[in-house]
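Novice: Residues per chain are reported as follows:
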Amino acid sequence: MSDQAKNPPRDYLKPPMTEVGVLGWLRSNLFNTWYNSLLTVLVALLLWQLAPPFLKWAFFDSAWNTAPEVCYESEGACWSVVSKNINFIIFGFFPDGQQWRPGLSMLLLLGLVFYSRDRNHWRRSLGVYWLIGLSVMGTLMYGGVFGMPVVETAQWSGLPLTFMLSFFGMVAAYPLGVLLALGRRSRMPAIKSLCVIYIELIRGVPLISLLFMSSIMFPLFLPEGVTIDKVLRAQAAIILFTAAYIAEVVRGGLQAMPRGQFEAADALGLTYNQTMRLIILPQALKIVIPPTVGILLSAFKDTSLVVIIALYDVLKTTKVSLSNPKWTGFSTEAYIFLAVLYFICCYAMSSYSRRLEKELHTGH
Amino acid sequence: MSRGRSKSPIPENGILPSRVPPWRDPEKRALAFQLIVLLLVGTLSYILFSNTQANLERQSIATGFGFLDKEAGFEIGESLVDYSAADNYARALLVGALNTVKVSFVGIIFTIVIGAIIGIARLSSNWLVAKLAAIYIEVMQNIPVLLQLFFWYAIFYESFSSPRQALNPVSGVFLCNRGLIFAVPEAHAAHAWMGWAFLAALVIGYGLHRWGGKRQEQTGRSFPAVRIMIALCLLLPLAVWLGFGAPLNWDMPVLRGFNFSGGVTVSPEFSALLLGLVLYTGAFVAEIVRAGIQSVGKGQVEAAMAIGLRPGQVLHLVVLPQALRVIIPPLTSQMLNLTKNSSLAIAIGYADFVAVTNTTINQTGQAIEGVALIMLVYLFFSLSTSVFMNWYNKKMALVER
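Residue numbers (the working numbering), protein chains in the order written: chain Z, 1 to 364; chain C, 1 to 401.
These are calculated hints, taken from the structure and not from any lab test. Predicted model, so just to flag it, every value in this text is computed and none were measured. Any given hint could turn out to be false.
[To be verified] Taking lysine-lysine and the PhoX-like style, the derived pairs with C-alpha atoms no more than 25 Å apart in a straight line are:
#1 K56/Z - K131/C
#2 K28/C - K358/Z
#3 K319/Z - K84/Z
#4 K131/C - K192/Z
#5 K230/Z - K319/Z
#6 K56/Z - K84/Z
#7 K286/Z - K358/Z
#8 K28/C - K214/C
#9 K326/Z - K56/Z
Working from the sequences, and respecting the hints, build out all of it.
Specialist: Printed below as a string of structure tokens:
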């Protein structure tokens, strides 16, 4: 025994080649059983069949910034339909020569969003920055000062409209949704039933019906001579719709709060407002971050539905570009471009939410 | 305790004297608050109502549902019931509602299948399959469903050729910009009897299942009722078909002029709508299925294997019953989402309820009635689906002691 302990074996046995490194990984992840091997081979064959033609179509044979005539002759994708119409797709009917204004506004918005990502920046001053930023954006878009000609809201279209509808849709729907959730959990029967009716009614109908309501029914509600901008009406419909969904998510969070939290707050002599603001909501809203982000993402995607009531969001401007006889037949490419655009926005939001969830996690 | 002490702030019976000012009494405060809110809501509704009345009178639009009896005067592309432009609006709306039911029903079935497959693939130990499933889920969830509908519709319209150069992947199946056209067996008296045989097989199978369950409770011996039922469902109709002399005449689609005649045609609108809804909702269902399966503890599977259950039994008796409990509630809301999203049909020209109602509104100007009808019909769909799913959920729920 002691001899062996003094003289450890010189050459260590290496693990078998088939268990480590690339080979080992392949074996344990792709070929661990006979049916997994079969599956791997089948899927790889399928990919081999599909990927090269797609890459050839999308990259090698494609036309990137050419006249439509070139596209008719080429076998590949015609990305020119996007690059040649990019101004209209992004800015819509915003007057030529003024398009730097929505461009700058969007950059400002992205900058603010990027700045707000860091939780160290979540101070009172951040609210002030947002207020300043939003008023600068509004001024830039509307104009009328510093020699910028006025651009009516009817001409706001394309990506700025999409961003505007979704940004205000999310920002206004969230507090409204929290209020509705609190109302639904309230002990006052009148408040509770009003909130229940509202939430269930809205959640039971498609967003389109609300958009129709805003576009054809709402004008009937207003007294004679009063008109409200079409964009604003659609915005209101999106807010009201999203709020009902947020309310249900937040209610889930409220229900998950143990009774002890309410009782402890009562014992401390906190009022209802204090209890909610200091004890319940911070915890409840935190645990529902993942579903809330899901709702906000759907709100962002659902802004595309305004196409149906003929608002010119980025999907509609794309469709208009495609209706140009020169460019008909290249819808696939344009829609793929839009899909990538939406995907990037949604993916950024959902990965940020995952990070936030991790940062706010205080469990033990 | 002397009488004089009872004048302390808290009386013996513990009830505070009503000297508390009303604004500090939570009950009275709540009452006042509710009254104010109700009053506000009431006033708002009254203002809206009177404005609407005034506007309608000014535009001389007659209210009410009288327009439903008038002749619709527009054609509808596809319909489950007989319909022509001479029928009234009520009939047209019925056609639209049935079209919505059709696409939602077929869509829900396909979505569950796709969602289950992708959800299980996401958990596969095969790296390639799991990664592909993950990519599918991530991509499909993050692209607006309307954009997907436009995309599939464009594929149908731009990438597929005219009927004359239709793709013909399998004999009797054609794919062109008029949709998907495929052959069906010609109608024959045997088909009705085969249907009855199938029903009979289901009833017998159900009876066997009940009897097998009872016997297992009493004697412990299991009975392969489900397998026998599946076999019956296949064999009984087959026997009937053979009994009729195996009639097999195909109703083949034939190119006549510019379009096909014969066979069954699935319109490009329906196909694009179905494809878009199923692929989009399927991604969400896949995530739900994955979460449901992952929610069943590893110990459950190990324990089931330790008592000697076969892999199929582990899945059927241990994993699925527990996973379904987690899966069903979110699955219900996805089904409702699919039904509501089917209203996007209007964007690609499929004649669903919203599209027909929109045409009706444009022709008659009855905006309020139209929007109210849309809301009522979807509320009905939503409520009936959730009633059914709640019943099913209750049936599957854990029976706790």
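Novice: Go through the numbered hints given earlier and state which of them the structure violates, listing their numbers in rising order.
Specialist: Hint check: 2, 4 and 8 fail, others pass.
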